[in-house]
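Residue numbers (the working numbering), protein chains in the order written: chain A, 1 to 556; chain B, 557 to 778; chain C, 779 to 984.
These are computed hints drawn from the structure, not numbers from a lab.
In this text, a Cβ means the ideal position worked out from N, Cα and C, and glycines have one as well.
Derived DSBU-like pairs (lysine-lysine); straight-line CA-CA distance at most 35 Å: (1) Lys176(A) - Lys300(A); (2) Lys918(C) - Lys604(B); (3) Lys688(B) - Lys806(C); (4) Lys336(A) - Lys407(A); (5) Lys688(B) - Lys918(C).
Just the calculated beta-carbon pair ranges, DEER-fashion: (6) Gly597(B) - Glu55(A): 48 to 54 Å; (7) Arg687(B) - Trp919(C): 27 to 33 Å; (8) Thr963(C) - Glu55(A): 36 to 42 Å; (9) Pro908(C) - Arg687(B): 47 to 53 Å.
Non-contacting residues of chain C with respect to chain B, defined by C-beta distances greater than 12 Å in every case (computed): (10) Pro800; (11) His819; (12) Asn823; (13) His825; (14) Ile895; (15) Gly899; (16) Phe900; (17) Gly904; (18) Arg905; (19) Trp953; (20) Val960; (21) Leu964.
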Amino acid sequence: MTDSHDPTTRDDDLPEPAKVRKRRWTVSLIWLVPLVAALIGLSLVVTAWLQAGPEIVISFQDAQGITAGKTEVKYKNVVIGKVRGLRLSDDRSRVMVTVDLDKNAGSFATEGSRFWVVRPRIGLGGVSGLGTLFSGSYIGADTGGSQNEDRYFKGLETPPPLTHNEAGSSYLLSSKDLGSLDIGSPVYYRRIQVGRVVAYHLDADGKGVTVQLFIKAPNDKFVTDNTRFWNASGVDVSLGAGGLKVNTESLATVISGGVAFGTPPGNTATTQASEDSRFTLFSNQALAMHPPDGAPVRLKMLFHQSVRGLAVGAQVDFLGIDLGRVTNISLDFDPKTKRFPAEVTAVIYPHRIGRANQRFIERTGNDNPGALLGILVKHGLRAQLRNGNLLTGQLYVALDFFPKAPKVAYNGKLDPLVVPTMPGSFDKLQQQVADIVDKVHKIPFDDLGAHLDASLRQLNALLAQFNNELAPEAKSTLEQAQKTLSTATSALSGDSPLRQSLGQTLQELERAARSLRVLTSYLSRHPESLLRGRRNNDPAPHAPPPPSHQPARSQP
Amino acid sequence: MSAAHAPLPTATRLGLIGCHVCGQVCRCVAHGKVGACPRCGASLHRRKPNSIARTWALLIAAIILYLPANIVPIMRTASLFSSTDNTILSGVVELWVVGSPDLAVIVFIASIMVPVLKFIALAWLLVSVQRKRARWPARQRTRLYGLVEAMGYWSMLDVFVVTLLTGVVQLGPLARVEPLPGVIWFALVVVLTMLASMSFDPRLIWDNAAENAVKSSGNLHD
Amino acid sequence: MNPNASPLVICEHCDAVYRRRPLARGEKACCLRCGATLYRHQRLNVHSVLALSVAGLIVWMIANLWPIFSINASGITSSSTLWGAVMAAWDEHVRVVAVLVAATLFFAPLLQLLLLIWACGFVAAGRRPPGLIQVVRVLKWLHPWSMIEVLMLGILVSVVKLNTVFDVTTDIGLWGFAALMVLITLVASWDTHDLWREPPPVEACG
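Please take these sequences and the hints and turn them into a complete structure.
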């Protein structure tokens with residue numbers, strides 16, 4: 001740092017040095033700086049331009065969650081574009097979202113591509129899109145696969161259940177009603193989720209619902225023409241005559257409903273059902289797997305008792321086989337007897353009996369159910385209400401043979417066929433119980449009670465008396481008795497003199513008896529000896545030798 | 557330092573005025589108001605017009621605004637669970653606690669010390685000029701002024717930080733930064749102090765010093 | 779005074795008068811009285827300044843088109859350019875600050891560069907730049923209000939503050955502003971008095 005000051009010198013008489021213009025090289029060198037800057041800028045711009053893909057416009061009903069310049073478009077969680085701007089459509093009915101796609105996402109700007117906004121959603125597949133609570137919504141995309149370019153799309157309001165290139169097959173199910181199914185409900189095979197419900201709609205005639213399923217590959221090969229589908233929603237709790245049954249497919253089905261499928265045993269078809277084949281949706285697995293029922297036969301029964309506990313759908317049981325179901329219960333009025341019998345109609349499937357049905361048909365050569373039933377009725381077939389479950393009082397209809405049943409007229413040509421009935425065994429039980437109750441009722445408990453009371457009082461007095469008066473005397477008596485007993489014991493003990501003499505006496509008596517017996521036997525043989533005396537050559541009556549004297553033994 | 561005592565020719569004494577825009581030195585005839593620079597046309601002033609009054613006004617305004625600038629929070633950080641308001645001081649403390657003590661010191665110097673020092677320096681310079689007698693030599697005072705002028709604009713640091721954070725931390729409910737009115741006060745304080753230092757004319761220091769030197773030299777000679 | 783004598787220079791801080799002397803490389807002339815810098819040796823000439831200003835303009839565009847830095851919190855990212863931050867401040871109702879930041883960081887450097895390109899361009903082509911007077915006045919007035927260096931420090935402080943919570947990634951804008959800071963410092967420190975040298979010197983006022 002040098003100071004330079006020259007307030008007063010005059011330097012105007014010194015010549016100025018010659019000015020030499022510098023070479024342009026230094027000038028050129030400095031121009032490298034903007035050149036480099038320009039190059040860098042250009043490369044950045046070119047890179048950005050190269051990465052820029054097509055621009056598309058998607059229309060949505062609502063721009064909620066979409067921010068210009070921030071919201072991204074993602075496919076399989078990879079960012080493929082960004083929203084550039086938003087504006088309302090001309091008629092203000094929709095929001096037009098301008099999106100810049102990446103270069104490598106150009107295939108999304110084609111016909112058939114679908115776009116939707118992913119927001120937090122609570123639906124049947126579960127809660128989805130929660131991450132967008134923090135990160136902000138994004139636009140999901142799915143390509144259509146076509147090659148034609150398209151720039152204008154109508155955005156979906158809900159995510160589509162099916163993405164385009166998912167491998168698998170879709171099938172249709174016919175059902176009476178939708179039940180608890182919805183888009184996204186799972187489809188299970190052997191309790192593993194293999195697909196989901198993708199769409200449903202009412203049939204044109206309004207008599208049913210068609211549900212469209214999608215089964216993911218490779219599990220779609222398990223769907224054959226023999227496959228049965230059933231509604232596996234929720235928890236299947238059935239309280240029937242068979243008892244309490246709880247059945248559920250999975251927790252997901254409890255929440256969101258579900259469909260399961262399987263093949264009834266014995267079916268061995270292996271070719272996959274063709275795409276969009278139609279199947280029936282059964283209400284539960286038992287129904288679905290049931291072998292075909294054959295033609296139903298309608299029955300009508302008149303019960304002269306209360307049918308409380310019998311519900312529509314109750315079982316019709318034949319010797320333990322589930323033959324059918326009750327379809328209708330109503331009251332009839334019989335003007336003759338002025339009573340209201342219950343009229344129960346049911347439908348049975350004779351096919352369910354199995355081989356017995358076949359044999360029957362072969363034997364009688366007649367497969368008219370009316371005639372067959374007539375034969376059975378002649379043999380005592382009656383319908384009876386029985387108690388299925390004592391706890392709930394549920395009843396079912398049992399068809400059983402009662403050989404002692406009174407004969408009834410039967411008309412095999414009626415439709416529905418009328419089956420004669422028998423009062424229910426439960427009724428009898430009730431009656432018996434009633435009788436017992438009556439009998440118990442008749443017992444004069446009051447009188448008995450009074451007498452008993454009096455007797456007890458007397459006994460009490462007696463006992464008191466006994467206690468106070470007799471007891472000490474009894475005590476002394478007992479003591480004496482005890483003494484006596486001990487004396488007797490000693491007297492009667494083995495080596496007591498009393499016993500010995502007693503023994504001797506008994507021996508003597510024995511001898512005497514013996515000889516007496518000899519004498520009597522001799523006399524019986526020689527009765528004249530009483531008069532004549534004994535002859536000399538008559539052998540003397542021998543007394544058998546006395547048994548060897550055995551010492552008195554204590555009684556065993 | 558050699559020539560500190562030798563009286564140097566000043567433009568005033570020589571009757572010259574320099575254009576503050578183009579540097580052209582002109583000779584001026586009369587004292588007081590002069591016309592435009594012949595080269596660039598900017599109006600020529602011997603001294604910055606109304607320097608002391610303007611500087612005082614701007615300085616006092618800045619000091620008044622400095623109080624809300626430090627009390628009112630300048631920035632709010634809102635996240636899912638909590639929201640914190642930060643003043644300038646708490647921002648410094650946070651930087652220190654977070655583990656960057658060096659940056660905390662820098663921000664402290666820039667945002668708190670520099671404005672305060674500017675207040676003190678400018679006020680002292682003004683007082684010294686107005687009192688026409690000061691203990692510090694003029695040279696040091698001029699250097700002080702040079703320092704104030706050079707370092708003034710670094711106080712804008714916090715304003716820029718708040719703006720950047722507001723722009724970048726926009727993550728919806730997860731994390732958001734919003735600026736609070738305190739930052740306006742602070743920005744105004746910085747601008748006012750910058751204007752104050754720009755309107756102060758350091759040559760006034762030397763005018764007084766020259767007078768004193770003349771007086772003292774006059775006294776000496778006696 | 780002799781018009782052919784070296785031009786005079788007056789110290790802005792203490793009013794002392796000197797005669798301007800050419801300096802060697804790296805030297806600067808200081809006032810004897812107060813020590814303030816009178817003038818420095820100019821390494822740059824008009825052509826260099828023009829080149830650097832053009833570079834600065836390109837860099838200014840890069841710095842403002844790309845985001846400065848971006849943050850990432852478990853997959854959610856956010857980034858902002860300088861203008862984006864200004865707009866955010868405007869939206870947040872601190873409009874005074876938004877205006878100030880835009881003025882000092884966006885417009886001031888831009889204007890400086892444009893004006894320099896204008897003036898130096900003409901001078902380099904050998905012509906007198908039209909409106910030179912206004913250009914120089916505005917340049918002189920803009921100089922203290924162009925605060926790119928403070929922006930760099932501000933970016934540093936912001937990055938450090940955010941780095942504790944988020945994943946911070948620097949972006950192209952940051953490097954742009956760094957380069958802009960260097961270029962602006964170079965060209966803004968250039969003595970615009972040099973612009974007057976090329977045309978013939980003007981005589982003293984009366």
